[in-house]
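2 protein chains.
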Amino acid sequence: MASIDHTVHVALGERAYDILIGPKLIDEAGALLAEKFPGRRYGIVTDETVAKAQLPRLVAGLETAGLSYDTIVLPAGEATKSYAMLERVVEGLLAAKLERGDLVIALGGGVIGDLAGFAASITRRGMDFVQIPTSLLAQVDSSVGGKTGINSPHGKNLVGAFHQPKLVLADLSALDTLAPRQFAAGYAEVVKYGLIDDPDFFEWLEANRAEIFAGGPARGEAIARCCAHKARVVIEDEKETGVRALLNLGHTFGHALEKDTGYSDRLLHGEGVAIGMVLAHGFSSRLGLAPGQDSGRVAAHLKLAGLPTTLADIPGTLGSTDVLMAAIAQDKKVTRGALTFILTRGIGQAFIEKNVDPEKVRAFLEEKRSI
Amino acid sequence: MASIDHTVHVALGERAYDILIGPKLIDEAGALLAEKFPGRRYGIVTDETVAKAQLPRLVAGLETAGLSYDTIVLPAGEATKSYAMLERVVEGLLAAKLERGDLVIALGGGVIGDLAGFAASITRRGMDFVQIPTSLLAQVDSSVGGKTGINSPHGKNLVGAFHQPKLVLADLSALDTLAPRQFAAGYAEVVKYGLIDDPDFFEWLEANRAEIFAGGPARGEAIARCCAHKARVVIEDEKETGVRALLNLGHTFGHALEKDTGYSDRLLHGEGVAIGMVLAHGFSSRLGLAPGQDSGRVAAHLKLAGLPTTLADIPGTLGSTDVLMAAIAQDKKVTRGALTFILTRGIGQAFIEKNVDPEKVRAFLEEKRSI
Chain A
1 MASIDHTVHV ALGERAYDIL IGPKLIDEAG ALLAEKFPGR RYGIVTDETV AKAQLPRLVA
61 GLETAGLSYD TIVLPAGEAT KSYAMLERVV EGLLAAKLER GDLVIALGGG VIGDLAGFAA
121 SITRRGMDFV QIPTSLLAQV DSSVGGKTGI NSPHGKNLVG AFHQPKLVLA DLSALDTLAP
181 RQFAAGYAEV VKYGLIDDPD FFEWLEANRA EIFAGGPARG EAIARCCAHK ARVVIEDEKE
241 TGVRALLNLG HTFGHALEKD TGYSDRLLHG EGVAIGMVLA HGFSSRLGLA PGQDSGRVAA
301 HLKLAGLPTT LADIPGTLGS TDVLMAAIAQ DKKVTRGALT FILTRGIGQA FIEKNVDPEK
361 VRAFLEEKRS I
Chain B
1 MASIDHTVHV ALGERAYDIL IGPKLIDEAG ALLAEKFPGR RYGIVTDETV AKAQLPRLVA
61 GLETAGLSYD TIVLPAGEAT KSYAMLERVV EGLLAAKLER GDLVIALGGG VIGDLAGFAA
121 SITRRGMDFV QIPTSLLAQV DSSVGGKTGI NSPHGKNLVG AFHQPKLVLA DLSALDTLAP
181 RQFAAGYAEV VKYGLIDDPD FFEWLEANRA EIFAGGPARG EAIARCCAHK ARVVIEDEKE
241 TGVRALLNLG HTFGHALEKD TGYSDRLLHG EGVAIGMVLA HGFSSRLGLA PGQDSGRVAA
301 HLKLAGLPTT LADIPGTLGS TDVLMAAIAQ DKKVTRGALT FILTRGIGQA FIEKNVDPEK
361 VRAFLEEKRS I
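Note that the protein sequences, when read in sequence, are chains A and B. Just so it is clear: in the first sequence, position 311 is 311 by full-length UniProt numbering, and no numbers are missing. Just so it is clear: in the second sequence, position 110 is 110 by full-length UniProt numbering, and no numbers are missing.
Where hints are given, some of them may not hold.
The list treats identical chains as one, so a pair stands whether inside a single copy or across any two.
[To be verified] Taking lysine to aspartate or glutamate and the EDC-like style, the derived pairs with C-alpha atoms no more than 20 angstroms apart in a straight line are:
1) Lys368 x Asp313
2) Lys239 x Glu14
3) Lys360 x Asp322
4) Lys239 x Asp128
5) Lys354 x Asp237
Source of the hints: derived by calculation from the structure; they are not laboratory data.
All chains, please: the whole structure from these sequences, using the hints.
Dropping the structure here:
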């Protein structure tokens, strides 16, 4: 049987599902799927990098279990979250003659999970899908909660659907093949959960960061705690009409920076979030909402994890403050022209502020970019 | 106030909405929307033909009501239900800086309703939308029930979402500008509701067809009865896991013929449905399920309405029976290789048959094409 270290249940009624965390779930996926979804066919969506490292393991398990599958392999990288690749995946699933009751498997990081999940949601007006996240970021964040989508020239994730997976298999061994920079980027999202409303978790991370990076038991525990946290939020607010927005801590600044750097290797998503979280803490402190030392403590922890924490840490030249402000204004979290930000009263005390004055943001950014 | 002849409520809980039917609702839309959705901005999606005939009326009403709007005008025709046009609409809505709480207005026939509704469902992971159907087909069928989507090279409507509108405004005066061929094509869907489970309605149509085509009060009544019928079915089975499939009467044959004729002017959707319904009755009769005279009565009525009823009525040469069978097999309503068809025991007695033998369909088609 499968070796499962942690199980997190996402109790969403008829859309409920489990997140399983274990040391070799990619090898065991075939047996698990055959038992859980008898009689289905599979469309595997992955990227070239993950295909080399993980696809043979998945395919071996599917074949042992006697499951029928087709594979769609895409270029790696954020640029794959495009209309063209969406069309390619949907047409690939249709060409494979997969039916409404069959399953899409998203094998990869956040890009593949977002793209494949979105493709599943619109193929034949909705196919089921399974997430097999292979990056830390995907395991703790993007594979859970049903947000799927692609990027628009107007901004990140502006096109997509809410579509919950039927199962999430987080294989810890997949993280061993991750580039250290990718692991660190995912770690930014781990830290985020502490910063939102769990100061004890943040402290625990300060004590266990080394073990998490080294791959000790703390790694699986951290992932399970993040998934449980996200599951609670998603259950409360599946479609982000309220409290789910807290998960965007650091993301409004982060998305603007990602857009400005062209969604390129200059700045990974998690790196943008790391800088964004430091900026959110700094801005909150500037507004007199949060103690200044918390901002420093957050930055110090992220820096120890190998993450960028200031605008100056981004290689190359950033766009003007006007350009960054336009990107911020185009973010999804805008209502009637007022800027919505996730601000904080200190570590573990984030809150949603819907009436942020754009001029104060602009002045804060102006100052930060001159440092 | 607005002059409303009929109101049909679609009781879908938090996704409930009204279908209003009246003589000049396009002119009155601005006032209605301002009252019902205060403070929203609007993105109008329409096609070149409808823009000429109806857009000035809509825009005049929006301006009188002080509403802010942007307009996206697309080429007319089934080919507009494509990935490229979907991208154009989504990017147009984003370029107009419409926010999650703003509204998309689909002003047009089935093509525009399907495309704009789908674009709304994926823009910012879901915007609200209003249907203002301007064709008979859209008023009685496609604007109600939340099926949205585009076509794939693999088949019609294979890509899409279930996304309910917030309001449907069916303006009877819009039908006065329809080409007679378009009106007749929509009438095929009207007849469908009688054939499914309402023999009294079919008889009423036989008695009132001339008045419906001439634009008398029977026209509005027919539309209201169709919408009420469809609303009942959609309420019972929103995502088509069961009884909603009955609405596909004539559509499996029809879609295959549409695909074969390239979704072109050679065969309008409603025309394909007309031939498909006659074939479904004929095939049911061949299987010994339905009396042969019903098939003739259906064909006679559709013929009086100016609709094609046989394969020979389609201009040009059809693909081989193999090609047609492949199109039928690729239809969404296939489960585990067995063909699902809507068959019938006679007028008003349609039912879902999930185990249709493909060889019998092939033999039936072979015979019909040689007539």
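Regarding Lys239 and Glu14, is the shortest C-alpha distance of 20 angstroms or less found within a copy, between copies, in both, or in neither?
For Lys239 and Glu14, the Cα distance is within 20 angstroms both inside one copy (15 angstroms) and across copies (13 angstroms).
Regarding Lys368 and Asp313, is the shortest C-alpha distance of 20 angstroms or less found within a copy, between copies, in both, or in neither?
Within one copy, since 12 angstroms is at most 20 angstroms while 72 angstroms is not.
Please sort Lys354 with Asp237 into within, between, both or neither, judging by C-alpha distance up to 20 angstroms.
within (17 angstroms within a copy, 38 angstroms between copies)
When no copy is named, should Lys360 and Asp322 be tagged within, between, both, or neither for a Cα gap of at most 20 angstroms?
Classified as within; 13 angstroms inside a copy, 67 angstroms across copies.
Homo-oligomer pair classification [Asp128, Lys239; C-alpha up to 20 angstroms]:
both (18 angstroms within a copy, 14 angstroms between copies)
Going down the numbered hints, you'll see the structure goes against none, and every one checks out.
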